[in-house]
Amino acid sequence: MTNAVEISHSRMQAYERCPWMYHLIFDEGWRSGPSAKAALGQSIHRTLDKYLSPENTEKSLPRLLEIFDEQWVNEGFDSPQATMEAYQSGQTILEKFFELDKDRTSEVVSTEKEFNIELPGPVQLRGTIDRLDIHKDGTYEIIEYKTQSPPWNESRIAQDQQMTLYALGMTETLKGAPLKLTYYFLSSGTSIETIRTQQQLEEARARILSVAEKIKQHQFNPNHNYCSHCEFGKRCVHFKST
Numbered sequence: 045m046t047n048a049v050e051i052s053h054s055r056m057q058a059y060e061r062c063p064w065m066y067h068l069i070f071d072e073g074w075r076s077g078p079s080a081k082a083a084l085g086q087s088i089h090r091t092l093d094k095y096l097s098p099e100n101t102e103k104s105l106p107r108l109l110e111i112f113d114e115q116w117v118n119e120g121f122d123s124p125q126a127t128m129e130a131y132q133s134g135q136t137i138l139e140k141f142f143e144l145d146k147d148r149t150s151e152v153v154s155t156e157k158e159f160n161i162e163l164p165g166p167v168q169l170r171g172t173i174d175r176l177d178i179h180k181d182g183t184y185e186i187i188e189y190k191t192q193s194p195p196w197n198e199s200r201i202a203q204d205q206q207m208t209l210y211a212l213g214m215t216e217t218l219k220g221a222p223l224k225l226t227y228y229f230l231s232s233g234t235s236i237e238t239i240r241t242q243q244q245l246e247e248a249r250a251r252i253l254s255v256a257e258k259i260k261q262h263q264f265n266p267n268h269n270y271c272s273h274c275e276f277g278k279r280c281v282h283f284k285s286t
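Per the working numbering, residue 45 is the first one in the sequence shown, and the count goes up by one each step.
Calculated directly from the structure, the hints in this document are not laboratory data. Even for Gly, the Cβ is constructed at its ideal location relative to N, Cα and C. Some hints here could point you the wrong way.
With a straight-line cut-off of 25 Å between C-alpha atoms, the simulated BS3-like cross-links for lysine-lysine are [stated by the list, open to error]:
#1 K157 with K81
#2 K94 with K81
#3 K190 with K224
#4 K146 with K284
#5 K219 with K258
#6 K94 with K146
#7 K190 with K146
#8 K284 with K258
Estimated spans, in silico, between C-beta atoms of each pair [unchecked claim]:
#9 P124 with K146: 31 to 39 Å
#10 L105 with Q168: 39 to 47 Å
#11 Q263 with K284: 24 to 32 Å
#12 Q206 with D71: 19 to 27 Å
Starting from the given sequences, assemble the full structure and let the hints guide the process.
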């Protein structure tokens with residue numbers, strides 16, 4: 045789609061936190077340094093992607109942990125001790141995942157499933173969901189991994205913008221097929237289902253178009269209320285301490 049504004053959860057989140065930060069990341073290419081938390085999350089996601097792929101025919105805990113060893117991202121840690129603690133934490137997370145997932149009856153359709161839908165504007169809504177399953181009755185299930193978060197409360201789950209955008213994107217992609225939405229909170233080994241109403245999807249669509257229009261108009265005024273949380277801190281010319 046020519047001259048379309050690209051929107052994703054990460055782009056929406058960045059713009060709504062601080063339009064200038066959005067500009068720095070997605071127009072100027074600014075990046076933050078590696079972090080231990082990101083390294084562990086990336087290691088877990090890579091492991092589950094490979095473990096659940098059709099190429100891996102051995103679905104066992106030893107094989108899962110072997111893949112984790114192969115996929116380990118060793119960067120961003122302050123010390124060898126911190127690295128070992130994170131590695132052991134990852135093993136525990138995967139053990140809980142194995143117990144959570146071993147008795148499922150659904151079939152994994154895809155991991156790291158991408159979608160790309162067109163909205164008026166023009167706007168391209170893009171996303172990559174952690175996993176898409178299909179059940180025997182034809183219902184599809186979006187599964188979102190939360191690797192290091194304790195289970196969220198009901199309000200946070202209901203208002204999570206990321207899942208809302210995924211539901212919108214996959215509803216369009218799957219042409220209205222029945223859809224379930226599930227979080228796997230891997231650090232506790234629990235799964236929680238949620239729903240998104242048609243009203244929520246329409247509100248999300250309107251929100252996407254509003255943000256996209258502001259981006260198209262180059263409205264990148266800094267939000268100084270976010271400065272104290274910003275990953276770029278004093279590197280930014282608009283930084284203001286509070």
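We went through each hint and held it up to the structure:
With a CA separation close to 23 Å, the supplied pair K157 and K81 stays within the 25 Å bound. Note on K94 and K81: the hinted pairing holds, with a Cα-Cα distance of about 20 Å set against a maximum of 25 Å. With a CA separation close to 17 Å, the supplied pair K190 and K224 stays within the 25 Å bound. With a C-alpha separation of about 50 Å, the suggested pair K146 and K284 falls outside the 25 Å cut-off, and the hint is violated.
Using a Cα cut-off of 25 Å, the hinted pair K219 and K258 is violated, with the two alpha carbons roughly 29 Å apart. With a C-alpha separation of about 16 Å, the suggested pair K94 and K146 falls inside the 25 Å cut-off, and the hint holds. Under the criterion of a C-alpha separation no larger than 25 Å, the hint pairing K190 with K146 is consistent with the structure, at around 18 Å. Pair hint K284 plus K258 holds up; C-alpha atoms about 23 Å apart against a cutoff of 25 Å.
Here the CB-CB span from P124 to K146 is close to 33 Å, well matched to the stated 31 to 39 Å. Look at L105 against Q168: about 40 Å separates their beta carbons, and that is inside 39 to 47 Å. Checking the proposed 24 to 32 Å range against Q263 and K284 shows it is violated: the Cβ atoms sit about 19 Å from each other. The beta-carbon spacing between Q206 and D71, approximately 22 Å, falls within the hinted interval of 19 to 27 Å.
Taken one by one, the earlier hints fail for this structure at numbers 4, 5 and 11, listed in ascending order.
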